[in-house]
Amino acid sequence: MVPADLAAAATRLEEARDGVASLRTDADLAAVAAALKGSDSARAADELAAAWRRRLRAWDTAAQRQIEAMGVTAKAYEVQDGEGAATYARLGPAPGGR
Amino acid sequence: MATLSQVRSWQPEALGLLADTMVQRRRTLVALQDEIDDGAPPPTWAADSAVAAAASHTALREDLADLVAEVAQVAAALDTAADALTRAHGELDEAASVAGANGFTVSATGRVTDARDALTDAQEIADRRAVRDEIVDRIEQALRNADHADASLAAALRSAARGVDGGTATLAQAAATGTTGGQREVLPPPPGGSDHDQNSWWEGLTEAEQAEVIGEHPEWIGNVDGIPAWARDEANRALIGDYRSDLTDRLAAAREAGDDGLARTLTEKLDGLDAVEDTLELGNRHLLLLDITGTDQLMAAIAYGDVDTADHVAVFTPGFTTTVAGSMAGYDNQMADLVEQSAAQAEKYGDGGTVAAVAWLGYEAPQWDNVLDPGSSVATRGPAEAGAGNLAAFYNGLDAARDSDPHLTALGHSYGSLTTGLALQEQTGVDDAILYGSPGIGTSHVEDLDVPDGHVYRLEARRDAVADVGALGPFGIDPSHLDGITGLSTEAGSVGGNSYGESVGHNDYLTEGSMSQHNMASIIAGAPEQTVEGDTRGFGDILSWPLPWTY
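Protein sequences, first through last, are from chains S and U. Going by this note's numbering, the first sequence runs without a break in its numbering and finishes at 93. Going by this note's numbering, the second sequence runs without a break in its numbering and finishes at 572.
Rather than coming from a laboratory, the hints here were simulated on the basis of the structure. Keep in mind that the hints are not guaranteed to be accurate.
Claimed, not checked - Beta-carbon label-pair distances, calculated as ranges:
#, chain 1, residue 1, chain 2, residue 2, range
1, U, 426, S, 14, 50 to 60 Å
2, S, 56, U, 119, 49 to 59 Å
3, S, 48, U, 22, 25 to 35 Å
4, U, 373, S, 32, 43 to 53 Å
5, S, 48, U, 26, 30 to 40 Å
6, S, 38, U, 228, 23 to 33 Å
7, S, 32, U, 365, 53 to 63 Å
8, U, 228, S, 48, 34 to 44 Å
9, U, 141, S, 32, 39 to 49 Å
10, U, 314, S, 14, 55 to 65 Å
11, S, 38, U, 118, 28 to 38 Å
As the list claims (entries may be wrong) - Calculated from the model, a selection of chain U residues having no Cβ within reach of chain S, i.e. all distances over 10 Å:
#, residue
12, 125
13, 183
14, 275
15, 298
16, 302
17, 329
18, 354
19, 450
Ideal placement from N, C-alpha and C gives every residue a C-beta, glycine not left out.
Please model the complete structure; the sequences and the hints are all you need to start from.
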């Protein structure tokens, strides 16, 4: 594993998350009810807005968890790698070394 | 159905703006492709945890693709709805305009009221009722179109709410999938609707939807009065192959079953399709009617010229022994000649307008084979009565399919003049009627015809015995003796320095260069002052003289 690669991937995923979060497609749909008062479309737009709200929230949460998991993994690897390096350091020079 | 005031309150422009916004949203999402790809677990991460992370990332990517597809679907549906509602508003505006121009008012609830009251003339009352019905039809169709737009948009929104599968490919691919899903299903024509209903339905479709109807559902419009000729033509041409296959299959089955009578009928219909195709190949023709469902015959109507735009339109209805297979080519040729003559007359003496003419073989004309059959014999009114309703609807459909009515002339020959006469007893919008070689027109009183006074003409050639049998059949008296009909000459003579020949017998009226053809062309061209009046009365007319108390 290259922790820097993992961090870069997490950063890109965070950008994607920001991009999705910037869209308020659920809020946009309020314009349907205003434009088509009393219509079936107005009711359907409300249903869709609620569905999109749920789905966007779920996607954002899942993306956040993925980013965090990647960060935790990278951190854990770095910690373990650091511990490994320390262990090897304690062993001293390799046999035959000067 | 949505009310008029409700539809009026709807704002298609706002929907259009929202559609644009959704398109921007879709583009923004599609542009995240690189971020989402780069956010995948890197290949340098090789461990069990990387496998789980990859699965989780795949779920994120596919959920995003679903969202892209949903947004794209909604954008497309909003755009389509905005277009459809804009057109519905335009149709309502047009209905209001027609109402205002004709002295009607339209209330907020859609009620159409005649501002003129105390009408006493029956014809005027009928005419105004027809105008009112047209306005009501237009409003109802506009509301139906608005309803369909609302229903289609609601369906697309609910489909998105349930979730759209954006697939596993790229986000751009998901957007394309969603956009396709946002296209609404085409609204079918109103069942049993009037010609104005059908026209309003057609005009309410987008160009893409009209193309889809012609391509996917040509049977919806091919024979429907009120649909523009160009569309009927394309639809009917598209159906010829299907009809030929159907008839060929049935012919094989009939032969196998040893049913010679049915085999003859089907062969005749197939020959009729050949005649139709041969005629269409000549160009400048529209196939306005093609019907294989007749008991004995193929039915068809072919226009020479463009009845959607011509200033003068003539519709010719033939009679006894007419079939598409045996007669279409000849009648089409006669109509082409008549159009050229009429156009020349219009250019020289009339308004310079364009001319089109239709050979309408849209009913099962009586044949020798069934002369003894009381239901379909030439000696009865049965076939004419069966065809008259369709013919009247055809006349009305020509008007309904256009923004402005043409100068419309009905031509009826022989038994076809009976069919024409019966059709003209309905409200048709026909401006002039020419009945020739006529055994009777279905009435003994010309005022029964819905044609302006002084605009019904008859022609009878020397030695045309058919034109004198009116007194013998149930067709009304011999038209030669009808008051209020103008007789036109069939004899040789000169007009405007041109010489014309005589027509003799029953089938010579449309011969090129004849006085008879010249007279018909002058009427069709709106130049009646160029006609030569005349009564060719022979011994038969003396025999057919009606007794005053018998009609």
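Consistency of the hints with the structure:
1. 426(U) x 14(S): 50 to 60 Å: Roughly 58 Å apart at Cβ, these two residues keep to the hinted range, so it holds.
2. 56(S) x 119(U): 49 to 59 Å: holds (58 Å)
3. 48(S) x 22(U): 25 to 35 Å: About 32 Å separates the Cβ atoms of residue 48(S) and residue 22(U), which means 25 to 35 Å holds.
4. 373(U) x 32(S): 43 to 53 Å: Holds - the Cβ-Cβ distance for residue 373(U) and residue 32(S), about 51 Å, lies within 43 to 53 Å.
5. 48(S) x 26(U): 30 to 40 Å: holds (33 Å)
6. 38(S) x 228(U): 23 to 33 Å: For residue 228(U) against residue 38(S), whose Cβ atoms are near 30 Å apart, the range 23 to 33 Å holds.
7. 32(S) x 365(U): 53 to 63 Å: holds (59 Å)
8. 228(U) x 48(S): 34 to 44 Å: About 37 Å separates the Cβ atoms of residue 228(U) and residue 48(S), which means 34 to 44 Å holds.
9. 141(U) x 32(S): 39 to 49 Å: Check passed, 45 Å falls within 39 to 49 Å.
10. 314(U) x 14(S): 55 to 65 Å: Holds, since residue 314(U) and residue 14(S) (Cβ atoms, about 59 Å apart) stay within the stated range.
11. 38(S) x 118(U): 28 to 38 Å: holds (33 Å)
12. 125: Given that every Cβ of chain S is farther than 10 Å from that of residue 125(U), nearest at about 27 Å, it holds.
13. 183: violated (8 Å)
14. 275: The claim stands: residue 275(U) keeps its Cβ more than 10 Å from every Cβ of chain S (closest is about 51 Å).
15. 298: Given that every Cβ of chain S is farther than 10 Å from that of residue 298(U), nearest at about 46 Å, it holds.
16. 302: Per Cβ check, residue 302(U) is outside 10 Å of chain S; nearest 48 Å; holds.
17. 329: holds (34 Å)
18. 354: Fine: 55 Å to the nearest Cβ keeps residue 354(U) off the interface.
19. 450: At roughly 37 Å from the nearest Cβ of chain S, residue 450(U) sits farther out than 10 Å, so the non-interface label holds.
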